[in-house]
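S.K.: Spelled out from the first residue to the last, the chains are:
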Amino acid sequence: MYRETDIIQTIPGTDEMVINVGPQHPSTHGVLHLVITIDGETVKKVEPHLGYIHRSIEKMCESLSYRQFIYTTSRMDYLSAHINNHACALAVEQAMGIEVPLRAQYIRVVMDELTRIASHCLWWGSVAMDCGAVTPFFLAFREREMINTIMEETCGARLTMNYMVPGGVMFDLHPNFQRDTKTFLAHFRSKIDEYDELVTGNIIFQNRLKGTGYISKADAISYGCTGPTARGSGVSCDVRKWYPYEVYQQVQFDEILETAGDSFARYLVRLAELRQSISIIEQLIDEIPAGEFQAKTKAVLKPPKGEFYSRVETARGELGVYIVSEGGTTPYRIKFRSPGFSNLSALDHMVRGQKIGDLVAIMGTLDLVIPDIDR
Amino acid sequence: MTLKQYFKDIFTGVKSLATGMRVTGGYFLRHHKEKITEQYPDNRDKLVLAERFRGEVVMTHDDNNEHACTGCTACELACPNGTIKIITKFDMTPEGKKKKALDTFIYHLELCTMCNLCVEACPTSAITMAPTFEHSVFDRSQLIKKLNKPGSKIREGVE
Ligand code: SF4
Ligand code: SF4
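As they're listed, the protein sequences go chains A and B. Residue 1 is where the first sequence starts when you use the numbering used here, and the numbers rise one by one after that. Residue 1001 is where the second sequence starts when you use the numbering used here, and the numbers rise one by one after that.
These aren't lab readings, by the way, just hints derived from the structure by calculation. Bear in mind that the values here come from a model prediction, so they are computed numbers and not experimental data. Even glycine gets a Cβ: it sits at the ideal position worked out from N, Cα and C. Hints may contain errors.
[To be verified] Simulated restraints, written as ranges between beta carbons of each label pair:
| # | chain 1 | residue 1 | chain 2 | residue 2 | range |
| --- | --- | --- | --- | --- | --- |
| 1 | B | THR1124 | A | THR149 | 25 to 35 Å |
| 2 | B | LYS1085 | A | ASP39 | 52 to 62 Å |
| 3 | B | ARG1022 | A | PRO26 | 26 to 36 Å |
[Said to hold, decoys possible] Pulled from the structure, derived: some chain A residues nowhere near chain B, Cβ distances all over 12 Å:
| # | residue |
| --- | --- |
| 4 | MET17 |
| 5 | GLY97 |
| 6 | THR160 |
| 7 | TYR163 |
| 8 | ASP358 |
| 9 | VAL360 |
With the rest of the complex left out, here is chain A:
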């Protein structure tokens, strides 16, 4: 046995050694603590230890009203803040039987996809950095900054927007929104090709990712992986396709599937999803109908007694929001099924038998956001 206070400990009678990665390690992208057993350079076991950024969001939500609790979810997966808020708004709307105006539905989907692009951009930069390339990080942040500026103009915040409210969205679109978004898309289309030239085709990058971090389709399902992590192993699990919400039914897009199951397959899925998101926004941006952006709702929301569940596809996978209502003004219980937690649980399976140097690269392709794992 090891004690967590020991940084390195050998296991008597074997050549194995236990080391701690994190909780303050730059490559874990957050306060994640991994206890790794290694034999030489080969990883034998990875044990994630959580709790360093636990804010007890689920418990906190029990004392907040149905309007108030939504803002806390921006702090879970802060790179998909819009999509988290969306999931909560959907659950509350389902509970209250609120009809969302068509304009709000369009705005929500466009915002979701912009968030997805921003999130995947950041991931692309950081996965390249995990493999030792520094330049892509700056290129990705350049594109992400454009999205942040668009968000700032319409939603008033760059990261934790709290823009989706039960019944619609908080403000109407900014008059410049459509113009700016189209400018961004035109700019971004050419930049994705640059991403491909710079990183995807790079021989060093390919050799680092190809064949490492393999997880089979069956294992991906049994670990509960969702999102690009599962789709890299050929599991069809896109909530936008399977359980369409808002206007996703009307837009044409492909669910990206790769069958290789290794780190490179997960990389390719996310890169292709960027292109799909562009095409979704392009289909919707000129079609946003006029009308209300928020349905008329009561000042105090009191859903009937019962259980309500909604799910959305965030940039990392399926986010589920489960609300138990006792008929009062605050929820009796709220549970979030966050994609990062299940994806992290598959890390041990992926890394066993690989070299320790690949651990960081494999973790990078899982696109972990620690506050999402540890709520």
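Here the structure of chain A is known, so what remains is to put chain B with the ligands in place on it, guided by the hints.
M.R.: Leaving out everything else, chain B with the ligands in the frame of chain A:
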């Protein structure tokens, strides 16, 4: 691995590196034309923040030092963090009746998450979000603000 494969791998490897170098090389030559980073304190004068940017809650006062807050505490109830504390008093109307009015609007900037729920809740649009962001101070107590200006009173006709 055959010898042919070996040389082919070297060739494709070098080619892929050259492709990447072309991208970075392009930036190396063009970078002075498309600079995108700005140094923060230097660009302070020309920094444009979006008008909707949520930086802090402020109470709007007009030229007569009048505001629109009735002291109804709707914003206090809407706030998820207990950031707002409304202290009310009783004013005498000309007819000699007692009328509830705002005494002090206490706003804890250090607790605020800029969620905009209070602004949405206010029935008289007395408060708004201001696009400011340089909030750092040396002592925490300086972050507790009184939003209604001294001597201000409620605007005529606001109920
Ligand atoms: S912005 Fe949100 S946290 Fe801040 S005072 Fe208003 S309701 Fe409270
Ligand atoms: S600011 Fe608005 S909501 Fe708050 S007490 Fe004054 S009138 Fe009521």
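S.K.: Determine whether the non-interface label on ASP358 (chain A) survives the test: each CB of chain B must be over 12 Å from its CB.
M.R.: holds, 19 Å
S.K.: Are all beta-carbon distances from THR160 (chain A) to chain B longer than 12 Å?
M.R.: Contrary to the label, THR160 (chain A) does not stay out of reach of chain B, its closest Cβ about 7 Å off (not over 12 Å).
S.K.: Minimum Cβ separation between TYR163 (chain A) and chain B greater than 12 Å?
M.R.: Since the minimum Cβ distance to chain B is about 9 Å, TYR163 (chain A) lies within 12 Å and the statement is violated.
S.K.: Please test the hint of 26 to 36 Å on the beta carbon pair from ARG1022 (chain B) and PRO26 (chain A).
M.R.: Given range 26 to 36 Å: holds, Cβ gap about 30 Å.
S.K.: If I take the minimum Cβ distance from GLY97 (chain A) to any residue of chain B, is it greater than 12 Å?
M.R.: holds, 21 Å
S.K.: Do LYS1085 (chain B) and ASP39 (chain A) keep their Cβ atoms within the hinted range of 52 to 62 Å?
M.R.: Between LYS1085 (chain B) and ASP39 (chain A), where Cβ atoms are some 60 Å apart, the hint holds.
S.K.: Is 25 to 35 Å respected by the C-beta to C-beta distance linking THR1124 (chain B) and THR149 (chain A)?
M.R.: holds, 32 Å
S.K.: Is VAL360 (chain A) truly not at the interface, in the sense that its beta carbon sits beyond 12 Å from all beta carbons of chain B?
M.R.: The assertion about VAL360 (chain A) holds, with a minimum of 21 Å to chain B.
S.K.: Beyond 12 Å on every Cβ pair: is that true for MET17 (chain A) relative to chain B?
M.R.: holds, 34 Å
In terms of the numbered hints stated before, the structure departs from hints 6 and 7, listed from lowest to highest.
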